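Chemist: Letter by letter, the chains look like this.
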Amino acid sequence: MKRYIPLLLVFVFGILGIIPFIVPHPVVQGTDEFLRNNLLKILAAFALILGLGSLLRVHYDKIRRKGQNWEYSWVLIVTFVVTSIIGLFGGVSGTGILPTRIGSFAFDIWTIYFNIEVPLGAAMFALLSFFMASAAYRAFRARSTEASLLLVSAFIVMLGVLPLGNEISPHLPSFAQWIMDVPNVAGQRGILFGVALGMLATALKIILGIERSWLGGGGE
Amino acid sequence: MKIIDILTKIDRRVIYLILFAVVTLPIIFPSAKSIRVMPPVEKLYDAIDNIPEDKALIIDFDYDPQTLPEIEPMAFAILRHAFRKRIKILALSLYVQPLGLAQNALISVSEEFNSVAVTSEDSIIYGRDYVFLGWQPPPLIPILGMGESIVNVYKTDYYGNQTDTLPLMKEVKNYADVGLLVSLSSGDPPKWWIEYAQNRFGLKVGAGITAVSASEFYPYLQTGQFSGLMVGMKGAAEYEEQVENKLNIKVRRKASESMSSLTYAHLVIIIFILIGNTGYFISRRKTKSSPTTPTGRPR
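For the protein sequence lines, the chains are A and B, in the order given. Everything in the first sequence is counted per the numbering used here, starting at 1 for the first residue and increasing by one. Everything in the second sequence is counted per the numbering used here, starting at 1 for the first residue and increasing by one.
Looking at chain A on its own, in the form it has when it is part of the complex (with noise of 0.2 Å):
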């Protein structure tokens, strides 16, 4: 039972997902939409929590087991429950019942996020444009054709996305242009078709109870 009830759960929703893209009748279409805007939104809910509270775990797991780097896990969920308490007491900017500002000092979540998240988020990514740098210079070599012409391939876009490529010639951004739009085009495509054949055969086996891994406890 504990196994059927959900291989069946999945097998009807599975199905119910697919027919209102068939069938455009109205019954149809709104027990489609009862589902979407009412079960959804409510797994949703549900879904927040236990990402939440597994969070919470994995890094209360690991500061218990003294695991490497414990001491940023403290991090995480001092922050966590510090941001949570003033997102939910004191307003998304500052209006609700807990006081979010000392004098000038504001501390309300539109100022943590603007203050902490926008300049910390922004500076971890431009930190990769070193790395890339660096790792270009050390790994980036002609050591074969195929990779001497991803090489050659890669100057030319890596110019004619600049300004300077027009200067250099007008037909440099075309021809950088002409990569994207055909041999990128042709080499995705086919990784496209493999995908999504591969995600239709997999949604299949997983909506036929054929493939059940998802259950956990082995591949029986």
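No wet-lab data here; the hints were simulated from the structure. Note that this is a predicted model, so its numbers are computed, not measured. Treat the hints loosely; a few may be bogus.
[Unchecked claim] Result set (DSSO-like, lysine-lysine): computed pairs, CA atoms no more than 27 Å apart in a straight line:
1. Lys85(B) / Lys41(A)
2. Lys85(B) / Lys173(B)
3. Lys155(B) / Lys41(A)
4. Lys85(B) / Lys250(B)
5. Lys205(A) / Lys191(B)
6. Lys170(B) / Lys246(B)
7. Lys9(B) / Lys33(B)
8. Lys41(A) / Lys170(B)
9. Lys191(B) / Lys250(B)
10. Lys33(B) / Lys246(B)
11. Lys173(B) / Lys33(B)
12. Lys85(B) / Lys55(B)
13. Lys173(B) / Lys41(A)
14. Lys85(B) / Lys246(B)
15. Lys254(B) / Lys85(B)
Here the structure of chain A is known, so what remains is to put chain B in place on it, guided by the hints.
Modeler: Quick look at chain B alone, frame taken from chain A:
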């Protein structure tokens, strides 16, 4: 030190320092150069420009602080275009993180217009000219639900107003009243709009994406599923060029200013790759020409 060592063993800190210098100097001394507009951006500009008067533009803000420098200039340029042409705008996010960035873009650009507006007709008024619908999880709900009824999915807007009381929402009921949706994203959302909203409801979709993810979106442009495409900082700069040239809106062009940093950074990377390869070929030639042992290994 041998030449081969100089070429192949440049300290990474030297690379970092040079890259830092070439990226920061043009930011300290900005100058916006003229940009050649390529067909994908031209198509997107035309698609927005040709939205019928009775239809709205939906802008899906799905970029986060990490990709803000690349995608925010796109958002600003599109908002300027739409507000100037008096195209009605619905703004939303499929994720919670971009909400603040979306609000910032909407308020900044509407204030630009309102600061020079003389009459109410010239002004950009919330509820009449644009509505910020906010965030509704999970993404599938708004993508599919708005095809039937937008106010049913977003019963309140981002600021807590009842959406059915807003004048704009009385005109825009579902995708039938939408001329185009532009997804400004650093991930997969532009594809979701095609897979669900376009396939089922025939919604026209355009996109603004990061340069790093560009290659996987081009097939959708070639098939016509995307009405236009903006790629990375260069795409944003091209759109800024269009807005300045065709609509005569002269404001600070952040993406165009950043093109100098991008140019020098690309050149530095190309030069370092060439240096690395020169060292590699010299060392390979040396290895080939050096006498070998009976096992085939160099002595």
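Chemist: So if I understand the rule, the pair passes when the alpha-carbon distance is 27 Å or less; does Lys191(B) with Lys250(B) pass?
Modeler: 33 Å, violated
Chemist: Assess, step by step, whether the Cα of Lys155(B) is no farther than 27 Å from the Cα of Lys41(A), and give holds or violated.
Modeler: Distance of about 14 Å is within 27 Å: holds.
Chemist: Does Lys41(A) lie within 27 Å of Lys173(B) when you go C-alpha to C-alpha?
Modeler: 21 Å, holds
Chemist: Going straight from one Cα to the other, do Lys85(B) and Lys173(B) come out at no more than 27 Å?
Modeler: 21 Å, holds
Chemist: Do the alpha carbons of Lys205(A) and Lys191(B) lie within 27 Å of each other, as the hint requires?
Modeler: 24 Å, holds
Chemist: Starting from Lys85(B), check that the Cα of Lys246(B) is at most 27 Å away, please.
Modeler: Holds, because 11 Å separates the two Cα atoms, which is no more than 27 Å.
Chemist: Does Lys41(A) pair with Lys170(B) here, judged by a C-alpha cut-off of 27 Å?
Modeler: Status holds; Cα separation ~25 Å.
Chemist: Given the hint that Lys9(B) pairs with Lys33(B), test it: the Cα-Cα distance must not exceed 27 Å.
Modeler: This hinted pair is violated, its Cα atoms lying about 36 Å apart.
Chemist: Taking only the CA atoms, is the gap from Lys170(B) to Lys246(B) under or equal to 27 Å?
Modeler: 31 Å, violated
Chemist: Decide if the proposed pair is consistent with the structure: Lys254(B) and Lys85(B), CA atoms, cutoff 27 Å inclusive.
Modeler: Satisfied, since the Cα-Cα distance of roughly 22 Å is no more than 27 Å.
Chemist: Would the pair Lys85(B) and Lys250(B) pass a check requiring their Cα atoms to be no farther apart than 27 Å?
Modeler: 15 Å, holds
Chemist: Please verify whether Lys85(B) and Lys55(B) have alpha carbons no more than 27 Å apart.
Modeler: 12 Å, holds
The structure does not agree with the numbered hints 1, 6, 7, 9 and 11 stated previously, though it agrees with the rest.
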